[in-house]
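J.: Here the protein sequences come in this chain order: A and B.
Here the first sequence stands for residues 50 to 218, where the numbers follow the numbering used here.
Here the second sequence stands for residues 81 to 249, where the numbers follow the numbering used here.
If you are wondering where the hints come from, they were derived from the structure by calculation, not from laboratory data.
Where a beta carbon is used, it is the ideal one built from N, C-alpha and C, also for glycine.
Misleading hints may appear alongside valid ones.
Short, incomplete list of chain B residues facing chain A, as computed with Cβ under 8 Å [claimed, not checked]:
| id | residue |
| --- | --- |
| 1 | Gly131 |
| 2 | Glu147 |
| 3 | Gly168 |
| 4 | Pro173 |
| 5 | Ala204 |
| 6 | Ile205 |
| 7 | Glu208 |
| 8 | Ala240 |
| 9 | Asp244 |
| 10 | Leu249 |
The calculated lysine to any residue pairs, modelled on SDA-like cross-linking and capped at a C-alpha distance of 20 Å, are [claimed, not checked]:
| id | chain 1 | residue 1 | chain 2 | residue 2 |
| --- | --- | --- | --- | --- |
| 11 | A | Lys213 | A | Ala203 |
| 12 | B | Lys216 | A | Ala203 |
| 13 | A | Lys78 | B | Ser143 |
| 14 | A | Lys176 | B | Val227 |
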Amino acid sequence: MTRAVVRFARRKAAWELPDAASIRDVEFKTREGEFDLRPSVYDIDDSDLAKAFAEHAAAAPIDPPGSALGIDLEGLDMTLDPTAGNDRFAFTRAHHREIKLDSVEQLDTLIDRARVEREKRSRHVLKANVYKYVTERLQAGDPEWRDLAASAAARDWLRSVAKKASGGK
Amino acid sequence: MKLATADVEYGDRLSAPPALGASASLLAEIEQKLSVAEEPRPILPPFDVMGRLAGRAVQARWSRPCEAAFEFLARRHPIDLARLIEKGRLASPDLTFAAEALGRIDASWIVRQTLLPLLEHAEAIVREGAVYGLQKHLSDELRARLVRVARTDASAGVRAAAEDALSDL
């Protein structure tokens with residue numbers, strides 16, 4: 050088991066930017082445009098990466114989900130606050146954390162430490178693995194996925210995966 | 081309020097001619113008083129490139145460009161969002177999310193016309209946002225463009241986004 054504290058990137062290319070402030074402007078803002086001093090991460094075993102991203106994407110919703118870049122912040126100096134994640138999935142709800150930060154400067158320090166070790170800290174999730182995971186859960190009759198796929202909130206991609214998982218085309 | 085005969089006939093006309101009965105005069109008077117009383121604030125950049133209605137609606141809710149504002153515009157004023165993007169007044173960290181939000185509208189021709197030029201943008205985060213915006217509006221021509229992006233873009237993040245958009249899972 051290898052612990053990972055993963056922040057999923059909004060833009061993969063953002064982590065190619067040359068400094069913390071540029072990354073922060075893209076990756077660490079709230080929907081209302083404020084800098085996010087309580088950024089969300091998932092504290093997981095890294096074998097659960099595809100599961101965490103699939104649930105994160107379905108609940109967000111990211112429509113449709115593609116491949117994902119996670120930045121593993123494990124080992125960096127930070128305080129994690131266990132706050133419940135989405136209501137849809139017990140796993141990501143239980144493993145969701147917020148990083149407690151006091152200032153933009155503290156946020157930039159954290160980003161910069163992750164940035165300089167980007168290669169080592171990058172965790173890639175292939176789109177095919179996300180869809181494979183969701184298909185398997187639906188075929189296994191997982192009630193969380195089954196209920197979401199049958200709900201009015203289901204996006205087209207999930208309806209399509211559910212149809213294929215049940216033998217349709 | 082008692083309607084004049086001329087008011088009843090108005091239903092068959094395309095637009096109201098001036099001086100159309102007593103009730104129309106009353107409404108015009110009220111409208112004029114309201115417009116004087118409101119004294120609209122000027123629409124501030126970057127929202128000043130949009131129509132007055134959209135600009136005022138956004139400015140009443142948000143003081144800066146942000147994801148929530150772009151999603152609101154995509155739902156309520158999509159042409160104004162397209163104009164905001166086209167005019168090039170948004171900073172790259174905002175432009176990338178504006179592009180993704182525009183992709184949620186149904187009118188593929190507006191999405192393609194507005195976002196295709198962004199595939200050549202200097203900033204990788206903007207090109208990636210354009211790919212996300214375009215991914216539900218694929219045409220043969222756009223697929224060919226994305227194949228080129230997936231093969232040749234300088235950013236690994238943009239290439240991965242283009243591959244995802246092209247993959248049919």
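J.: Decide, hint by hint, whether the structure agrees.
T.: Hints and how they fare:
1. Gly131: Interface hint status for B:Gly131: violated (22 Å vs cutoff 8 Å).
2. Glu147: 5 Å, holds
3. Gly168: 18 Å, violated
4. Pro173: With Cβ-Cβ at 4 Å, under 8 Å, it holds.
5. Ala204: Holds. Min distance 4 Å.
6. Ile205: At 5 Å from the nearest chain A Cβ, B:Ile205 passes the 8 Å test, so the hint holds.
7. Glu208: 5 Å, holds
8. Ala240: 5 Å, holds
9. Asp244: Holds - the Cβ of B:Asp244 comes within 8 Å of chain A, reaching about 3 Å at its closest.
10. Leu249: 4 Å, holds
11. A:Lys213 / A:Ala203: With Cα atoms ~15 Å apart, A:Lys213 and A:Ala203 stay inside 20 Å; holds.
12. B:Lys216 / A:Ala203: 16 Å, holds
13. A:Lys78 / B:Ser143: 15 Å, holds
14. A:Lys176 / B:Val227: Within the cut-off at roughly 17 Å; holds.
Of the numbered hints stated above, those contradicted by the structure are hints 1 and 3, listed in ascending order.
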